[in-house]
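Chemist: Since the structure of chain B is already known, use the hints to place chain Y on it.
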Amino acid sequence: MSIAPDDIDQAGADAGDAGMAGPRGANGPLRTLIATVGMALFFMAIGAQLVRLALMGLGEDSISLTSTVAQSFARPDIVDRNGRLLATDVEAYSLFADPARVIDRDEVVEKLALVFSDLDRAALRKDLSDRSRRFVWVRRGLSPRTAQEVHDLGLPGLDFRRELRRAYPGGRLAGHLLGYVNIDNKGVAGIERYVDDVVGVESVQGATLAERPPVRLSIDIGVQHAVEAELADAVRRYEAKGAAGLVLDVNSGEVLAAASLPTVDPARPNMSLDTGNLDKIAGSTFELGSVFKTLTVAMALDAALVTPETVVDVRKELPAGRFTIKDLHPLRRPLSVAEIFIHSSNVGAAILATQAGTPHVQDFLRRLQLLEPMRTEAGPIAAPQLPQRWGDVETMTIAYGHGIAVAPLQFAAAAATAINGGHKLTPTFIKRQPDSSIAEIPLLSTATSDSMRVLMRRNVADRVGTGKRAEVNGYEVGGKTGTAEMPGVGGYREKAVISSFLAAFPMSNPRYLVFVLLFEPKGTQEAGGEVLASRNAAPTAGRVVARVGPLLGLLPAQAAAPGASSVAFDGASPAKYEAR
Amino acid sequence: MRIVILAALMMTLVSAFVLYSSNYDTRQLEERVADQERAIEKARGDIAVLKAERAHLGRPERIEPLARAMGLGPATEQQLAASAAEALARATAESAAAPHKGGR
Chain B
11 MSIAPDDIDQ
21 AGADAGDAGM
31 AGPRGANGPL
41 RTLIATVGMA
51 LFFMAIGAQL
61 VRLALMGLGE
71 DSISLTSTVA
81 QSFARPDIVD
91 RNGRLLATDV
101 EAYSLFADPA
111 RVIDRDEVVE
121 KLALVFSDLD
131 RAALRKDLSD
141 RSRRFVWVRR
151 GLSPRTAQEV
161 HDLGLPGLDF
171 RRELRRAYPG
181 GRLAGHLLGY
191 VNIDNKGVAG
201 IERYVDDVVG
211 VESVQGATLA
221 ERPPVRLSID
231 IGVQHAVEAE
241 LADAVRRYEA
251 KGAAGLVLDV
261 NSGEVLAAAS
271 LPTVDPARPN
281 MSLDTGNLDK
291 IAGSTFELGS
301 VFKTLTVAMA
311 LDAALVTPET
321 VVDVRKELPA
331 GRFTIKDLHP
341 LRRPLSVAEI
351 FIHSSNVGAA
361 ILATQAGTPH
371 VQDFLRRLQL
381 LEPMRTEAGP
391 IAAPQLPQRW
401 GDVETMTIAY
411 GHGIAVAPLQ
421 FAAAAATAIN
431 GGHKLTPTFI
441 KRQPDSSIAE
451 IPLLSTATSD
461 SMRVLMRRNV
471 ADRVGTGKRA
481 EVNGYEVGGK
491 TGTAEMPGVG
501 GYREKAVISS
511 FLAAFPMSNP
521 RYLVFVLLFE
531 PKGTQEAGGE
541 VLASRNAAPT
551 AGRVVARVGP
561 LLGLLPAQAA
571 APGASSVAFD
581 GASPAKYEAR
Chain Y
148 MRIVILAALM
158 MTLVSAFVLY
168 SSNYDTRQLE
178 ERVADQERAI
188 EKARGDIAVL
198 KAERAHLGRP
208 ERIEPLARAM
218 GLGPATEQQL
228 AASAAEALAR
238 ATAESAAAPH
248 KGGR
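Here the protein sequences line up with chains B and Y, keeping their order. Heads up: the first sequence begins at 11 in the working numbering, then just goes up one per residue. Heads up: the second sequence begins at 148 in the working numbering, then just goes up one per residue.
For the record, the hints were derived by calculation from the structure and aren't laboratory data. Keep in mind the model is a prediction, meaning the values are calculated, not measured. Among these hints, one or two may not hold up.
Stated by the list, open to error - Computed list of lysine to aspartate or glutamate pairs in EDC-like fashion (alpha-carbon distance at most 16 Å, straight line):
(1) B:K532 to B:E249
(2) B:K196 to B:D207
(3) B:K251 to B:E495
(4) B:K336 to B:D323
(5) B:K434 to B:E450
(6) Y:K198 to B:E101
(7) Y:K189 to B:E101
(8) B:K532 to B:D243
(9) Y:K189 to B:E221
With the rest of the complex left out, here is chain Y:
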């Protein structure tokens, strides 16, 4: 009988300790989850801002003057061909016809 009671006492103490430590772990994990959720939230916010900034920097209103300053222009119907081979043939013919003129 005494052994049983001692064993029960030990069990109680051990389980109390296990419970306490797992409770402690849980809280730590909860804090980590909250931290990571905050980090995710922040990252999402940052992504939204970066996406908006990328779109803002890539807006045609800004790109067009820059491209024109580099000597580029809107694509013309002359620059479209049905296949790569045809485009090559056309370019060769053009450069043969007018060797001094740069393609544009």
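The shape of chain B in the complex, shown without the other chains:
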């Protein structure tokens, strides 16, 4: 650094002339150059390091130690068809202990028992005594207030993690359908299981909410509540042991309400496991009784064996194996097919089925998807129970709904085919996209469907119809009653019945099907001392229709101008309750 530039030049020029440059003169500039380059490299390295640090930071300096211990799942919300919330994740605190850091085991257990009255002290003491463990769950899913109480105890060795916990703001509403999740927020049953299997959940640490869009069900909270409330009312009125009801869109297959009483709370999974609380809509099968005649008559009409006016002699009781088939209120005269339906003649239905023959009946029921197990988004529907040996006797009893047990939802789907113009219907709990078209697979002729509409309407509108108590002014309700004796030990129990009513409205162009079942109703004063469906299930179905009709925006006949739309407002108007 001490040599000026001039000197270097001169030294270089002199070297050639003199030819005797000393070692010091030749090395001086070179050494300087090496030093300069070295220094430059040194500073450049420092600069580069500074740039690197500025750009990348110091990197993660925290290491998660509990990563494998506590994993949970972030789930998308579940909303109804109008966007109203049915299930969501909220943040909750979970309490854990580090046995190695617990000083006084007994103090921890006793003080925690003050906050959690149901604490299992022995188990906790045992967990805490194992000093080799560093992580023991004490209690999960605490509310902020409880967490604060525990925090205020000031016990060393206890700590909290923030976790996600499933909340069901609707309480018990649609509890059976929603299913439930386990302690790690993983879906176990019902729609929650579907969310895991099909929609997908995110595995998370801590309390990170899911980013996925909500799962939109076909259920309408208003309709669901109306059905549940009317069923609860019916259980009180007729002192029934249970009830079930569903509302089904007969064109799209969307289920707008599916209720089963006693209801369950999705936040308490143990309730759902109680056999008394089983889902009666899709989780159990029943012999449904006379509502099945809807299908028998539809079959006879569809096979062109009869017309509604064909007269059948039903005066004689029919011998069928060990017993005889008889009518509850025999009219002692030949009846037309329409009258067989309206007076619910067992003998008539059996004759129609016999006329068609066993293979044809089987084929027909198979076509309506009644003989094979079916599944929905909420899981498999309880598989139909068929006779082990299906002979002519079984064909006769199946004609009026005995000897075959199916889940009400599966039956409702088949019955909807009989009135929706005859096309195939697959029940769904997920809302259909408005633009998605439904492939119409014809199963029955349109003429059959038209005749069934007329017959079902007559059964309600007629003075002698068994369904006359289901009439609702303006909604053209049609339907069929069913009173089935429940099987007991060694035969049927006469006074223990399932009374049901299969209704649809408006019958001139059916939009919705309503199926109501009452389990073991009593002959209360209101029901005229009888347990017949015409006295309990039919009026219940009428009340359900009267309540859900306006909710669904259906314009009653007396208000609709001729030729105008039958819809008062769009019941599916979007984003009414949308949160985002």
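Modeler: Showing chain Y alone in chain B's frame:
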């Protein structure tokens, strides 16, 4: 030559200072980002809780008794009309027919 070296020295010092200060700024910004991410997370959590609370308060099981206590009831088919004009005409006709009865 001396000037060049001095200039290089100055450049080094200046760039070191610039780098240091930008590094410092970056860290501050990173902290702010982390703060805001925490705030977003907290806000999202709060929104989830508030949404759940709103849905819980608006559940039909709770609204129905309250509405009934106020004298309201489920909508009936009588309350639907094809158009506003028709509804008005019907209401007028009803009140003319029964002036003492309140509409329900």
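Chemist: Any hints this thing doesn't respect? Which numbers, in order?
Modeler: none
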